[in-house]
Each structure stands twice: as C-alpha cells, then as structure tokens.
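J.: The residues making up each chain are set out below.
Number of protein chains: 2
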Amino acid sequence: MNSMQQKFATFDMNNNNSKQDMCPKKPKFGIMFDIDGVLLRGKTPIPGAAEALKALMNKEETEYEVPAVFCTNGFGLREVKAATLSDKLGVKVNPDQIVMSQTPLEMFHEFHDKWCLVSGPEHDGGSKRVAESLGFTKIITIEDLREAYPYLDWVDRTRWPNQQVEDDDSFPTIEAIVMLGEPIRWETNLQLIIDVLVTQGKPNQPPCIEGPQLPVLAVNMDLQWMAKANIPRFGHGAFLVCLENLYKKICGRDLEYTALIGKPSEITYEYSQKLIEEIATGLNMPELDTVYAIGDNPLTDIYGANMFNLFLDKKRREIEKKKREFELINASPKVGRRSRSTSDAKVEQTNHNSTDSHFSLHGDITNVRGIKRCTSVLVCTGVYKPELGDPNQTIGEDEVFQNSELEPSISPVAPPPTKRKDSVIDHGHRDLPYTEEMTRADHTVFDVKRAIGKILELENWKY
Amino acid sequence: MNSMQQKFATFDMNNNNSKQDMCPKKPKFGIMFDIDGVLLRGKTPIPGAAEALKALMNKEETEYEVPAVFCTNGFGLREVKAATLSDKLGVKVNPDQIVMSQTPLEMFHEFHDKWCLVSGPEHDGGSKRVAESLGFTKIITIEDLREAYPYLDWVDRTRWPNQQVEDDDSFPTIEAIVMLGEPIRWETNLQLIIDVLVTQGKPNQPPCIEGPQLPVLAVNMDLQWMAKANIPRFGHGAFLVCLENLYKKICGRDLEYTALIGKPSEITYEYSQKLIEEIATGLNMPELDTVYAIGDNPLTDIYGANMFNLFLDKKRREIEKKKREFELINASPKVGRRSRSTSDAKVEQTNHNSTDSHFSLHGDITNVRGIKRCTSVLVCTGVYKPELGDPNQTIGEDEVFQNSELEPSISPVAPPPTKRKDSVIDHGHRDLPYTEEMTRADHTVFDVKRAIGKILELENWKY
Numbered sequence: 001m002n003s004m005q006q007k008f009a010t011f012d013m014n015n016n017n018s019k020q021d022m023c024p025k026k027p028k029f030g031i032m033f034d035i036d037g038v039l040l041r042g043k044t045p046i047p048g049a050a051e052a053l054k055a056l057m058n059k060e061e062t063e064y065e066v067p068a069v070f071c072t073n074g075f076g077l078r079e080v081k082a083a084t085l086s087d088k089l090g091v092k093v094n095p096d097q098i099v100m101s102q103t104p105l106e107m108f109h110e111f112h113d114k115w116c117l118v119s120g121p122e123h124d125g126g127s128k129r130v131a132e133s134l135g136f137t138k139i140i141t142i143e144d145l146r147e148a149y150p151y152l153d154w155v156d157r158t159r160w161p162n163q164q165v166e167d168d169d170s171f172p173t174i175e176a177i178v179m180l181g182e183p184i185r186w187e188t189n190l191q192l193i194i195d196v197l198v199t200q201g202k203p204n205q206p207p208c209i210e211g212p213q214l215p216v217l218a219v220n221m222d223l224q225w226m227a228k229a230n231i232p233r234f235g236h237g238a239f240l241v242c243l244e245n246l247y248k249k250i251c252g253r254d255l256e257y258t259a260l261i262g263k264p265s266e267i268t269y270e271y272s273q274k275l276i277e278e279i280a281t282g283l284n285m286p287e288l289d290t291v292y293a294i295g296d297n298p299l300t301d302i303y304g305a306n307m308f309n310l311f312l313d314k315k316r317r318e319i320e321k322k323k324r325e326f327e328l329i330n331a332s333p334k335v336g337r338r339s340r341s342t343s344d345a346k347v348e349q350t351n352h353n354s355t356d357s358h359f360s361l362h363g364d365i366t367n368v369r370g371i372k373r374c375t376s377v378l379v380c381t382g383v384y385k386p387e388l389g390d391p392n393q394t395i396g397e398d399e400v401f402q403n404s405e406l407e408p409s410i411s412p413v414a415p416p417p418t419k420r421k422d423s424v425i426d427h428g429h430r431d432l433p434y435t436e437e438m439t440r441a442d443h444t445v446f447d448v449k450r451a452i453g454k455i456l457e458l459e460n461w462k463y
Numbered sequence: 001m002n003s004m005q006q007k008f009a010t011f012d013m014n015n016n017n018s019k020q021d022m023c024p025k026k027p028k029f030g031i032m033f034d035i036d037g038v039l040l041r042g043k044t045p046i047p048g049a050a051e052a053l054k055a056l057m058n059k060e061e062t063e064y065e066v067p068a069v070f071c072t073n074g075f076g077l078r079e080v081k082a083a084t085l086s087d088k089l090g091v092k093v094n095p096d097q098i099v100m101s102q103t104p105l106e107m108f109h110e111f112h113d114k115w116c117l118v119s120g121p122e123h124d125g126g127s128k129r130v131a132e133s134l135g136f137t138k139i140i141t142i143e144d145l146r147e148a149y150p151y152l153d154w155v156d157r158t159r160w161p162n163q164q165v166e167d168d169d170s171f172p173t174i175e176a177i178v179m180l181g182e183p184i185r186w187e188t189n190l191q192l193i194i195d196v197l198v199t200q201g202k203p204n205q206p207p208c209i210e211g212p213q214l215p216v217l218a219v220n221m222d223l224q225w226m227a228k229a230n231i232p233r234f235g236h237g238a239f240l241v242c243l244e245n246l247y248k249k250i251c252g253r254d255l256e257y258t259a260l261i262g263k264p265s266e267i268t269y270e271y272s273q274k275l276i277e278e279i280a281t282g283l284n285m286p287e288l289d290t291v292y293a294i295g296d297n298p299l300t301d302i303y304g305a306n307m308f309n310l311f312l313d314k315k316r317r318e319i320e321k322k323k324r325e326f327e328l329i330n331a332s333p334k335v336g337r338r339s340r341s342t343s344d345a346k347v348e349q350t351n352h353n354s355t356d357s358h359f360s361l362h363g364d365i366t367n368v369r370g371i372k373r374c375t376s377v378l379v380c381t382g383v384y385k386p387e388l389g390d391p392n393q394t395i396g397e398d399e400v401f402q403n404s405e406l407e408p409s410i411s412p413v414a415p416p417p418t419k420r421k422d423s424v425i426d427h428g429h430r431d432l433p434y435t436e437e438m439t440r441a442d443h444t445v446f447d448v449k450r451a452i453g454k455i456l457e458l459e460n461w462k463y
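Line by line, the protein sequences are chains E and R.
Be aware that the first sequence starts at 1, since it is given in the numbering used here, and climbs by one per residue.
Be aware that the second sequence starts at 1, since it is given in the numbering used here, and climbs by one per residue.
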C-alpha cells in the first residue's frame, strides 16, 4: 500500500467510524470566532461573550471541549492578543488558538529562506519581530533599504543625505515582498516597494518592467476600519489601493499577488480549519464535520466563509477525481506505466497566481480531513446592523437591538458610506469582487451568546 | 457704445495698428522658457544658456527686449527661483518673470476669500506661506485640521492622543481643497482630504457622498521626476494617483478637479501668455503674434504647447461667433430685445469642471490680445533624447549629442520606463490622455542656444 492508498484508506475508515458514532460525547464541529465586534468592542467585552466561551469548556473552565480559534485581521504577536483576550474576558485563551492576519504566513515555507522586503506597522512588536515569529530568516526592512540605497526615499527633503553617499553594492537582491499591514510614511514604502518591483529586487539597477514580477505576499486587505472618529479610518487595503494603482500607472500592467492573506481570503480560513483540526486531534476527536464561523462583518467574515465553501467544494471534486484516477490505475496495472505520485500533483499546483496556489506551499491536496462545510453565523454587535429587506435578516425582532449596554467603539471594518440602497460600493479587494450572494450568512443572531446557543442546538451538543 | 462694443473696437484697432507696422524694431513674439533641462540641470547651468538669454536683452544686458518668462512645475516662492536663476546663470531674472507650478492660482480670486484646506510641501517657504503669496486669506493647513479633529489622523499610533480629547466644533467648514505639491506622510493628507470631501468640509459630521463635490484645485501633475537615483522619483502626480483611486474606491465615483494647474495644463500656458503680454505692454510692444515655448519634455512642455494651441483656436472661434452675434444685434435693433452682455457670457462659463472653466475666474473671454500661436521648440539637454524614427527628430545629426560637458543630474520629469517601442505607457494625468500627435514639437534643436538662434531667424529679429 503506497502513501496515497494509505491516505485514502484513512479517509474511508474515518467515514466508517463516523457512521458507527463510536464517541457520542465528542463534538463533530469547531468554531472560528472573529474578535472585534463579536467578543470585544475595542477594549470592552461584549456582554455574554465570556459566557459563550465558557459554554464550550469543561466544567472547571480550564480546557475547551469544542475546538475554537480566534481569527482577526489585526496585526501583532499572537501571545499579546491571547493575553488581551484572556484578560478582558476572564476566560483562558492560548496563543496557539489565535490567528492574526499574518499568522498563515507560517505555512509559506518557500519564502522563509528567501530575502524578503518586509513592509508593515511598527506597533505591537513591529514588522521585523512579527516576520521572525512567522519563520522568515532573511528579513530586509524598509529602513535597511533606505540605508543601502540613500537616494531612493526622496519625497521628504529633510531626509536627503547631507553629503555625497554611495549605494551598498553588496546589498542582497530582494527575492520577494511581504506586506504585513499599513506602514507609516506611505510615500516611502510605496516608492521603495515599486523600486524593488521594477528592478527585480536590485534598485540601483535601471528599471525594466518586462519579464516576470517578483512574488508579492500581502496580509490584511481591509480598506477601512471603525476607530474613534465618526468616519472609518484607512486600513492596509487603502495602502494596497495606492500601491496597485501606482504600479499600474508606472508599469502599465496589473500588480499580481502571490497570495492575499487575512479574512476574507480562503488561505486564512484554510489555516484556521487546520488549526481547529490540530486542536481536535489533541482532544482525541476522530472527526470534524463543520466549522462555524461567527463574525460581525458580511464583507469579510461571511464573504470569507462562503468563499471557503466554494473552495472546499472544489477540493472535494479534485479528491474525487484523483480517487477515480487512482482506482483506474490500480484496476489495470501495466508494466512501465508510472503511477501519478503525490509529488507530481504538487508540481502541477505550483502556480503562485492561482487562488489555490498556497496548497503547494504547505501540504498535499490529498492530505485533508473530512470537514464538509463552513457555516456562517452573523452577529449584530459590530459592523452589521439589520435593515428591512436585508437578506441576512432571519432573526426575530425581539432579538435585535435589545442590548443597549454596548458603548460605540472599535469594530474591525467600516460599513460602506451612505448611498442609495440599490447601488453597492465595492469596498472589498480588487481581486475579490463583491456579490450580494457571497455576503449572505447561514444564520443571523443578535450576539455571540445566541450564536453559541444556535450552534449547540444545531449540533445537539450539551444543549 | 456699450462695454462690449468698446472692446471689439479696441480689438479691431489693434489689428489695424499691426498692419501699419508702426514700430518695426519691436519684436512681435515672446518666449516661455522651461528651466530644468533647458537652462539648468539641477544646479548646473546648461552651456550656452546665459548667452541665449543675453541675446534677448539690450546691449547693456540690463533689460529684456524680448518678453520672456520662466515656467517650471517646481514648488516655492518666485523670488527664490528668480534669485537662483540669476545667481547660477549670471543673467538678471525678475521674480515677476517666474511661473512656478502654483503661480496661476493668483488668478483664482473666487477662492481667495474661501476657507481652503491647503496640502503641500513644507520646503522652499512652505505651503502656507506660498498660499498667502498667491492671495489666499483663509488658509487651513493639514496640521490645523489634525488639531481641530484629533481622531482623524489614525495610521501612526504614536500620534494618537494620550487622553480623551474633543473636536473643535467652532472650526470653520472647509469650502475648497488646494493641493500645491507632494506632502510628506501621505497617509495623513490622503485621509484628511478624503474626510473633508466625504463630509462636505466638516469632518466631524457623518459621511455623505451624495450631492456636489467640494471644489478641488491641484497644482503640478508630474507623476515622477529624475533626481539623483537611477530610477525616477514620485512627484505630486503620484500623490494624485493615490487620492483619485482611494476616492473612487471609497465613494464609487471619480474625483473631479475644478482646475489642474502646472504644465501641461492650458491654465499655465494661458497664465504665461498673459504675463508675456503684460511685459510686452511695459515694453511698449503694440502686438504679439507668437509665443515660443522652449522645453525638454515632450509629455509636458510640448503636449502643453499643443494643447494651448487647440485652446487658442477654440477661443478664436468663440470670439468670431460673438462678433457675428454682436453685428447681427446691431444690424437689426428691436425694441424690448435685450442684447447679450458680457456678464451673461460670464455666467454661462461658470462651470468649474470644464477645461476652460478658469476663464470665468479671471476675465472676460473677449478681453484677449492677438497671440495667434504657441510654437514649441524641443531641446535635447534634458529628458528628451532623439531616437531613430522619432517624429520629433528634425535636427541635423551634427547638432545632436555633440555637447559632452553636461553632467547627468536633475531634470523635471522622468522618461517612461524601458518597454517595447510600440507600447507607450501613459504617464500623464488621468484627465489629459496621451496621443503621439500632442507630443510632437514644431522644432527640435540641440540646446537652448540653438533654440534662440532658430527663433531669431524665424522672426528675422536682430539676426
């Protein structure tokens, strides 16, 4: 039995096991929580959030019985976010339950030993430290690049060198660009990133925009977010709008992303699913059917869950196809005929510009567990406010806006600006076009407490 | 005789005067010089530049006999630029001969007593002082706005207020946005300008993107310029690309400019022409036929001259039409029939979004002198380098690149990046689309000395 046969055997066996229902007390589901607007609003806990989490734990409230991850488009170290959540909610949250916007970059091993220009914020650990925590080993910061090539950063005249300086000719050729979040001094980062792109990583060489583009990985594509002002504030998506349009204007072609990471990217959902599966394995849960994604933002949390379902469907079709191919090969063995190995499948998938390119980076497409669906649950304690005629409004009126304890505060992504109801302005990323259908949730409830109630009812678990 | 009759009478009289050639020793032309790449390269004089200017002066080299202006897309005070030119070339240049990119804003009286948000650089006098020098009296800087609304500038966390602060509710409603050049900290200016646009000038109010947009005046649309690096650096045009695309993404509609100023905008050519006419009046020159525009950049200097010719043609047709209407009215006077006054014509023209909107701001369309054409002369000492098969190449080979004294240095606008000859990347502004025809010069010579030689030959003046 080769490795592929073994995997399919495991796959079938698991299915058989589930039918036998050997372990009725183990849940067959996991939960993916958004944080801002679901559990917290800024630094304020949303009422019922702690209770909701405790419902997933053992009686002593020391361990989760239902695998749960906490997924945010925020930037920073997982340890810091876990400590904040534990502190504010009074419920234990471990760093390895946290998915920050940049966390899935851990899976991009291919880039960890390449010279990467890292652009991003300097708060919460800073971009260099966060990149190191993800596994990157050859990190070049924007400051490093400014020092190596002192004539590049030219908008701010107070930063011009006072005397003749030389480029550092020994400076390594940059092999990829990694953007972790919105930096400060956008003119500097925009200019230097474009310089690296148009010179194939060596910005003291003449520009040449022919040929393949350097790999670009970008994390968090939120255009705006609600902070303390009445009006939404720029997020990393706004920085990317600038970069994409400057690149297009200067080079006459579209900037291509090797990967876009952070909700609603399927990469983030896939990473969260794998994390839930790992936790489930630790809890000796033989099988997971469903991941529930609880969020407050139709454009990220719900769009992402729906996109992930499309992706799961596609993956299932691919597995079925491979199974059939494998069965055909085994049914008619011929001398000299080479069976297609999993490594062949890997090579075929190494296209960084396709939406499922990341597969080749962190695993074999046949190596998946049995999660069948990502079920979305929309709550009304953050960005989303139900309106008459809204397809997401399936909650009873008594459940909506009955909670007035919440102070207006921070939610992760801004609602679209006031405009006629019939014309939606697409605030999503260029590469993820808006459709109304993709923002429709499976369930809508008032808050996270009711979301957990709904899930436990659906799963008939501890209810 | 009403005011319109008087004006046409003057117009005809001037024409008659010209025919009589009362003053044969006076030149009938003026010259508009580009600076960087024509007279200087960075701070280095281009050989022959001083000689060229002296050829236009009296024997004592104290006064110009040919009206000349110096027109640049640079930012700053005219006095500073005049002093630099005088110093570097050793030839007297007066501040009132200088047209900086922002200088034509002097004509936009309509905005001088409105509350204007001024965005721009802080070098060479700074944006506030430059705006004051142009006549603006109610200037709000980005810093003023940050102080009045402390929760708007939110990308840089080190700038977040340490304690609860209040918006300044007495802060005036902003009535227009004036952008004088690329600022530093683009994220701040981009965010605050968009905040002002989406709130109709009152950024502590909820956003509403319906209704008319606030007036936006922008100066200098150069996407890039050549500084000391091998690769062109961002100019104000790059900042505008970011602003236009963020506005479009957030509001779902195009940003509209009330006026775009600086070469190749016709407003700058018109302003320069008026300045030449004023100087000509001072020199007692009864008539000007031609303005020669000498520049090194086909995309700005030549494009602008050609666009200005289209504009002169249009203006001429309008004057002819008005003349015919006037003659018709005078030929058949009827009781109770109201003649069209110049103020009627003015009202009709008050559309700030049309390309000739600025007319209504600074004059009556019938009040023009007789300049017939703007003739463009391209030189090869800056951005433009002649190539085989280039339609601009009308110079003899002996004249091209025979001068090796020039050190590579600063020229105002960058050449397009290396790409196949048959695919031009449009580095011009969104609202001024590239056509090859619009970048074709009337004459191409090696340098400014030869340009002046050519002009004096064509004009048969002092030659």
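For the record, the hints were derived by calculation from the structure and aren't laboratory data.
Values in this document were obtained by computation on a predicted structure and should not be read as measured data.
Treat the hints with care, since some could be wrong.
It does not matter which identical chain is used: a pair holds within one copy or between any two.
[As the list claims (entries may be wrong)] Simulated pairs of lysine-lysine, DSS-like, Cα-Cα distance not exceeding 25 Å:
1. K59 with K248
2. K228 with K248
3. K114 with K314
4. K323 with K202
5. K314 with K59
6. K314 with K372
7. K26 with K202
J.: Compare the structure with each hint and give your call.
T.: Going through the hints against the structure:
1. K59 with K248: For K59 and K248, the Cα distance exceeds 25 Å both inside one copy (57 Å) and across copies (53 Å).
2. K228 with K248: between (33 Å within a copy, 24 Å between copies)
3. K114 with K314: This pair counts as neither: shortest intra-copy Cα distance 31 Å, inter-copy 59 Å.
4. K323 with K202: Cα proximity of K323 and K202: none, with 46 Å in one copy and 63 Å across.
5. K314 with K59: Neither: 40 Å inside a copy, 84 Å across copies.
6. K314 with K372: within (12 Å within a copy, 68 Å between copies)
7. K26 with K202: neither (55 Å within a copy, 57 Å between copies)
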